[in-house]
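Colleague: The primary structure of each chain is shown beneath.
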Amino acid sequence: MNKPFLEPTAKSAVNVRALTTPRGLGFWLVEDYAVPIVAVEFAFPGGATHDPAGKAGAATMLAGLLDEGAGDLDSQAFQQALDEKAVEISFHADRDFIGGRLRTLARHLDRGGELLRMALNTPRLDQEPFERVHEQMNARIRHDANDPAHMAGKAWRERVFAGHPYALSAEGDLDTLAALTRDDLRATARSGLARERVVIAVVGAISQDKARKLVDGVFADLPATPELVEMPRAPFAGLGDEVQAIDLDVPQTTIRFGRPALERDDPDYLTSVVLAHVLGGGTGLSSRLFREVREKRGLAYSVSASVATFDRASYIYGGTTTKNERAFESMDVIRAEILDMAQGHIGEEELDKGKKYLIGSYPLRFDTSTKIAQQLAHMQLDGYGLDWLVERNRRIGAVTLDDARRTARRLFGDGSLSVTMVGRPTKS
Amino acid sequence: MTTLNSEPAAAPAPAAVGLVSETLSNGLEVVVIPDRRAPVVTHMIWYRNGSADDPQGKSGIAHFLEHLMFKGTAAHPKGEFSEVIAEMGGQENAFTSYDYTAYFQRVAKEHLGLMMAFEADRMTGLILTDEIVAPERDVVLEERRMHCDADPGSQLNEAVQAALFIHHPYGTPIIGWSHEIEELNREDALAYYQRFYTPENAILVVAGDVEPEEAFRLAREHYGKIAARGAPPKRRRPREPQAVASRLVTVNDEKVEQPSWQRCYISPSSATCSPGEAEALELLAHLLGGGHTSRLYRELVIEEKKAVALGAYYMGSALDDTRFYLYGMPSPGVTLPELDAAIDRVLAKFLAEPINEAALERAKTRLVADAVYAQDSQAMLARWYGASLATGQTIRDVQEWPDRIEATTPEAIKTAARTWLTKRRAVTGYLLPAEQDAA
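As they're listed, the protein sequences go chains B and R. The numbering of the first sequence is this note's numbering, which starts it at 28 and goes up by one. The numbering of the second sequence is this note's numbering, which starts it at 261 and goes up by one.
Next up, chain B with everything else stripped away, as it sits in the complex:
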């Protein structure tokens, strides 16, 4: 049952075991006693994409309510119980999953596990916190309503993914939140929080036996199978020269752009990640877009692009924020770089640098217990095995210039983009 998969080697970022509990739940464990804490990260596939029709925000509201009372503890009693032992429990809804985490001092592990068990298995979803969290979500929506970055992201998504749940905000809007009832949230909990596909990572000062007990205690009594409908792949609309323009009286224009990208199971997927890095990634200091837009022309403070991959869509997504008078100039510069790469103009040196960065920076994702747990949970969500800890860098290292040029043509195609601008851009 114990599968010591990776011994600590120079190549593996972290020493992980894949274990199974007596009640049949699989999870990944990193045992490390240097700091007396335990971090647990988990995720239930499903998420906001499965919000009931007309009720966007259900998964997010559920996530906001799971730590607001459970079992015989009402909201205040539950929060006090967390405070008494400095236990941290939080939940969040993403498009494709509902995730959560626990962080506790090792000496309060039992209490932390018990509170997490209660939150997931017997959430109360009482009227008072339901109304309160609802108002907080409304306030957040009103707060963001005229924020340029928020508006641009929202408009871009609604245009590109029109007709698909990915077009909707995981936070919902004022109308869909008003339509939600506590029964809807109970149904969301019942259908989404199931043990069958849950992914779990445990990191810190905890033995294998204790970890098995913890995982069984928290997750083993959940319903066996999630009740989720099959989601179609998302469309991608809006490619072309026509910019989606949204008027806002601010001195800068906020730009979002994107185009379809390769799927995670495509043999050239990692090559596409390297290419996106060369275009607009990293710490930003050395990418093509940073150099052309910021360093050479001083057009913007920040500019970036990356591959965003979800269960039902994969795309390049980027953005910048620039003076209204120079918005179109900035976009021209960005388009020119993408077209250049689309034609296969990739230099050996920039490819090599990009690969080195992606390989060398990988261990930095594994330097705290919380970050390790998050990485391991996400690897499982993305369908990777433990070997990915070594395999990822090996495959990036193996990307050749031919791979990059071939993949650039596939990835950037004719260079067309779906572009959204928020502000008062003017042609200069």
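Because the hints were derived from the structure by calculation, they are not lab data. Every residue, glycine too, gets a C-beta built ideally from N, C-alpha and C. Don't take every hint at face value.
What the hints assert, rightly or not - Below, computed lysine-lysine pairings styled on BS3-like, alpha-carbon distance capped at 30 angstroms:
1. B/LYS380 x R/LYS369
2. B/LYS323 x R/LYS318
3. B/LYS398 x R/LYS338
4. B/LYS398 x B/LYS112
5. B/LYS398 x B/LYS383
6. B/LYS237 x B/LYS112
7. B/LYS383 x R/LYS683
8. R/LYS318 x R/LYS494
9. R/LYS369 x B/LYS398
10. B/LYS380 x R/LYS338
11. B/LYS383 x R/LYS609
12. B/LYS383 x B/LYS323
13. R/LYS683 x R/LYS609
14. B/LYS323 x B/LYS380
Unchecked claim - Part of the chain R face toward chain B, derived, beta carbon under 8 angstroms:
15. SER342
16. LEU374
17. GLN518
18. HIS552
Said to hold, decoys possible - A short, non-exhaustive set of chain R residues, derived as facing chain B with CB atoms under 10 angstroms:
19. GLY339
20. GLN351
21. ARG366
22. LYS515
23. THR553
24. PRO590
25. ASP604
26. LEU607
27. GLU621
28. THR625
29. ALA629
30. VAL632
Start from chain B and add chain R according to the hints.
Modeller: Only chain R this time, still in chain B's reference frame:
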């Protein structure tokens, strides 16, 4: 690159295991925090100068220079340092705060010496030309437009700080005012650089997978070569007069759909307080507005439903007198003056009643646990020690912080609240939709 660190990590502080320090012969202070769990190191250099040290009329120069520090030296022309870091998969960044400016890299442990070589080189070797300075000034102006000018919430924050500090430069935004940024030039940047970027004024913090002796040896080899400049530069800041007026600042903007409320009190910092006062203020912030069981949240968000969110924050790490914040968002239909009055009522009640012992115990547990959680992150440890040392604390102050939290009495918290949370020391800020009165 570069963030404006207007709200640095709150004081909670970590008893880093195995921390050692030494001062080089040129005055550079070196702190090493071993963490052997991953083969990486965090290398940070802190300068004891921030936006509060900007010369009169040159607001933003500390932050602008931080941008320019990435423009290369004689030995390593523009971009070379960043390219080297990117190639090894390292991360780098820099940030400017009111009291300090810091630069850091996170790299595989074998590159520590190389990072030191580059960082030591740019402590004295920066080369600036007008061709480099001009576009970077545009970048900073874009940064300001993006973070401040387009956001009414940021405009209110700036207005509240400007009103709170009548004379002290904490009232000026870190990034500077646009009209002064526009005038900053190469000479300003170099003058500021020569004044503050000296070994005596710097603190080196290395956290991660390294033997302390090896880190000290590397520090002596690379930083030790820099000539001493004599005494560290003096920070001469105008002192704030005694506050006497309660002030209200309002920003109305058509982009605002959700009103918000804040109040900021001038209060002593870890560096200016009498013993135990900063810890009392830290606990006071936690009791009033730290999470869902805090006093303001419980009474006004859960019970009376006057607000959808309320919180408190004490910015303890500052060289001069600092800020204690209360902030929140009203429930629909509740005006800001109503919320303001309700908050004053809860504060008055808090002062009149004995402090709830169980709540105090929970607050202490929470803050002391933060010191343990912090040990999980070498980057966070490096930041906390660096920020504390740059604002007048000692290593021992930081290490003994959990003990001082434990030792804080209910009376000390009451006294701190009575002394410092008085409205004549405060500015209240309202964020409202366009053309609508607060009432």
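Colleague: Do the numbers back the hint for R/ALA629, that is, is its least Cβ distance to chain B under 10 angstroms?
Modeller: holds, 3 angstroms
Colleague: Given the hint that B/LYS380 pairs with R/LYS369, test it: the Cα-Cα distance must not exceed 30 angstroms.
Modeller: holds, 19 angstroms
Colleague: Using 10 angstroms as the Cβ threshold, decide whether R/PRO590 counts as touching chain B.
Modeller: At about 9 angstroms, which falls below the 10 angstroms cut-off, the nearest Cβ of chain B leaves the hint on R/PRO590 intact, so it holds.
Colleague: Do the alpha carbons of B/LYS323 and B/LYS380 lie within 30 angstroms of each other, as the hint requires?
Modeller: Within the cut-off at roughly 20 angstroms; holds.
Colleague: Are the Cα positions of B/LYS398 and R/LYS338 separated by 30 angstroms at most?
Modeller: violated, 33 angstroms
Colleague: Quick one, are B/LYS380 and R/LYS338 close enough, alpha carbons at most 30 angstroms?
Modeller: holds, 17 angstroms
Colleague: Once the shortest beta carbon distance from R/LEU607 to chain B is found, is it less than 10 angstroms?
Modeller: violated, 21 angstroms
Colleague: Taking only the CA atoms, is the gap from B/LYS383 to R/LYS609 under or equal to 30 angstroms?
Modeller: Roughly 60 angstroms between the alpha carbons, so the hint for B/LYS383 and R/LYS609 is violated.
Colleague: Taken at face value, is the distance from the CA of B/LYS398 to the CA of R/LYS369 at most 30 angstroms?
Modeller: Satisfied, since the Cα-Cα distance of roughly 19 angstroms is no more than 30 angstroms.
Colleague: A closest beta-carbon separation below 8 angstroms is what the hint needs, so does R/SER342 meet it against chain B?
Modeller: holds, 4 angstroms
Colleague: May I ask you to test the interface hint for R/GLY339 with respect to chain B, counting a Cβ-Cβ separation under 10 angstroms as satisfied?
Modeller: It holds, given that the least Cβ distance between R/GLY339 and chain B is near 8 angstroms, below 10 angstroms.
Colleague: Do the numbers back the hint for R/LEU374, that is, is its least Cβ distance to chain B under 8 angstroms?
Modeller: Hint on R/LEU374: violated, closest Cβ of chain B at ~13 angstroms, above 8 angstroms.
The structure is inconsistent with the numbered hints 3, 7, 11, 16, 25 and 26, although it conforms to all the rest.
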